[in-house]
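Asks: Here are the chains, one letter per residue:
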Amino acid sequence: MNIIVCIKQVPDTEARVQISEQGNSIDSGQINFILNPFDEYAVEEALRTQEKLGGEVTVVTLGDESAENAIRTAMAMGADKGILLKADRATDDPLQVARALAAEIASGEFDIVFFGKQGVGNEHGQVGMALAELIGVPGISGVSRLEVSAGAVKGAREVEGGMELFECGLPAVISTQKGLNEPRYPSLKGRMAAKKKPLEVKPVALAAPLLTVEALAYPPQRERGRVLGEGSATVAELVRCLKEEAKVI
Amino acid sequence: MSFNVLVITEQADGGELKKSSREALGLARALVEKAGGGEVSALLLTAAAGELPAKLAACGADRVFLLEAADCQYYQPGVYAAAGKAAVEACGASAVLVPGSALGRDLTPRLSARLGAPAATDCIQAELEGGKVSALRPAYGGKIQMRVAFAASPAILCLRPNVFRACPADSSRAAKVEPLAVALTDKDRALKITGLERKQSETPDVAEANIVVSGGRGMREGGGFKMLEELAGALGAGVGASRAAVDSGWRPHSDQVGQTGKFVSPSLYVAVGISGAVQHLAGMIDSKVIVAINKDADAPIFKVANYGIVGDAFEVVPVLIQEMKKHA
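Respectively, the protein sequence lines represent chains F and R. Residues in the first sequence are numbered consecutively from 39, following this note's numbering. Residues in the second sequence are numbered consecutively from 11, following this note's numbering.
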């Protein structure tokens, strides 16, 4: 099996995010970047698929040279090799990202492509299914149950009120969701080994984006609320506020 | 100026039009009015159309593109993507509005790729200025709001539920109903959704509910959620959970509200025994009204809550349930 995992390096979810002086990007100077938490499920599922069916796990990302860190993290978990598509500029357009990944993936052989369901940060959640369309293979998003066999996959994707059951042949694109598995932690040995695994860097020239960020702003401050009181004696007042002031019940 | 908008619509399990679809129709009407002319078209894929076209008309559609097929009982991604593209071409849409459900979030990037058109998910505001659409969407776990512009047409906007206002239904409105011709390829049918496994719970899904009651570590043993289920039942609310509660195995991950769970924007969010870590706030900060019940008076959740009660959930919530039942 040729297994591909598309990953992204994202700001730590605890990071304090500041808007840059230009106003349409974030100030990345102070931020700690990590492997996207949703991508950990994707890497884990790729490794389990490899353990079951054999083959090779290749990690692919689009980004600048710093994204090597995210690739090495995935390698420390167990991925065999990495490809860094080094973009000539930053982009926030998910279709442009999908096109760059599609060009790389469609140029080789693959059986299954894993994604995390979305990247924390921009939170577009679009690249996986856009890529499936671009390379013309079935794509399933938000997968939380999966059975991969030689030539086919079946499983379930999370929807409102339950789970949709799916099946299709390979190759396919799977976007993974929390609940699918419990990602392994990279061991120290894994971290050492990751340093020596092959990483190919390929320059990519991006086309003009179709979705552009005009401006970033901080959300309107929530007015500091009121603590109505202590204990169950306060419930009557709460109900009155919700009915008469806020008018939400 | 004529500005045509296509709305992708979706039905709930019982065949009713989903609220999120009515919200999308409401925004579509507002955009067409702002533009000073144009048509609102609705795409309807269903196993049995019944009264749905008339309901779409009442909620704001001028045209309904209908694809009635037995396998449209479930969402079929390839069929929806092909139908969406055909409908965009049939009505010359300048904008496509998609509800932000599991269906909509899956379909949006497919349409974007098929049409070569830009798409934005999780939109909480849409503007039309000089024929150009822009949208506002939260990012970085709600710490930032991002205004995006669309450099090609149609602009595809996937809308966050509970944010946009649905038009009041007007049953005197009529729509032109047209069967939609879609050329499906083998690839469109390569992926099959074969069934739906329903959740046991009676409460609405947390991502779509207008009121959400969430529990965290303060629920101690998972049994605390029984109490929250009862409160949710009295309010017609969905039940959510913090990551701590999910990781403790008290609730399924599908209930998790937060940066690695779901983003919700209900009109009322009741956080019970949740301290308010940044990752949790990310998922619920856009709620209209937030109520916090927590025994720690210094918990960060009180900084964002409109109304707070300091107290033990196991004392406060039973009284709240009684009050709600009284008022129901």
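No wet-lab data here; the hints were simulated from the structure. Just to be clear, a hint being listed does not mean it is correct.
[Said to hold, decoys possible] Stretch-level coverage of chain R by chain F, calculated; a stretch enters the list once three of its residues show a Cβ under 8 Å from a Cβ in chain F:
no.: 1; segment: 41 to 53
no.: 2; segment: 56 to 66
no.: 3; segment: 111 to 125
no.: 4; segment: 150 to 160
no.: 5; segment: 198 to 211
no.: 6; segment: 307 to 316
no.: 7; segment: 327 to 337
The structure presented is a predicted model; accordingly, all values stated were derived computationally and were not measured. Positions of the beta carbon are idealized from the N, C-alpha and C atoms, including for glycine.
Asks: Are the hints correct? Go through all of them and say.
Replies: How the hints compare with the structure:
1. 41 to 53: violated (count 0)
2. 56 to 66: violated (count 0)
3. 111 to 125: Check passed, 11 qualifying residues.
4. 150 to 160: This one holds; 11 residues, not fewer than the three required, reach chain F with a Cβ under 8 Å.
5. 198 to 211: Satisfied; 10 residues make the cut.
6. 307 to 316: It holds: at least three residues are needed, and the segment 307 to 316 of chain R offers 6 whose Cβ sits within less than 8 Å of chain F.
7. 327 to 337: holds (count 6)
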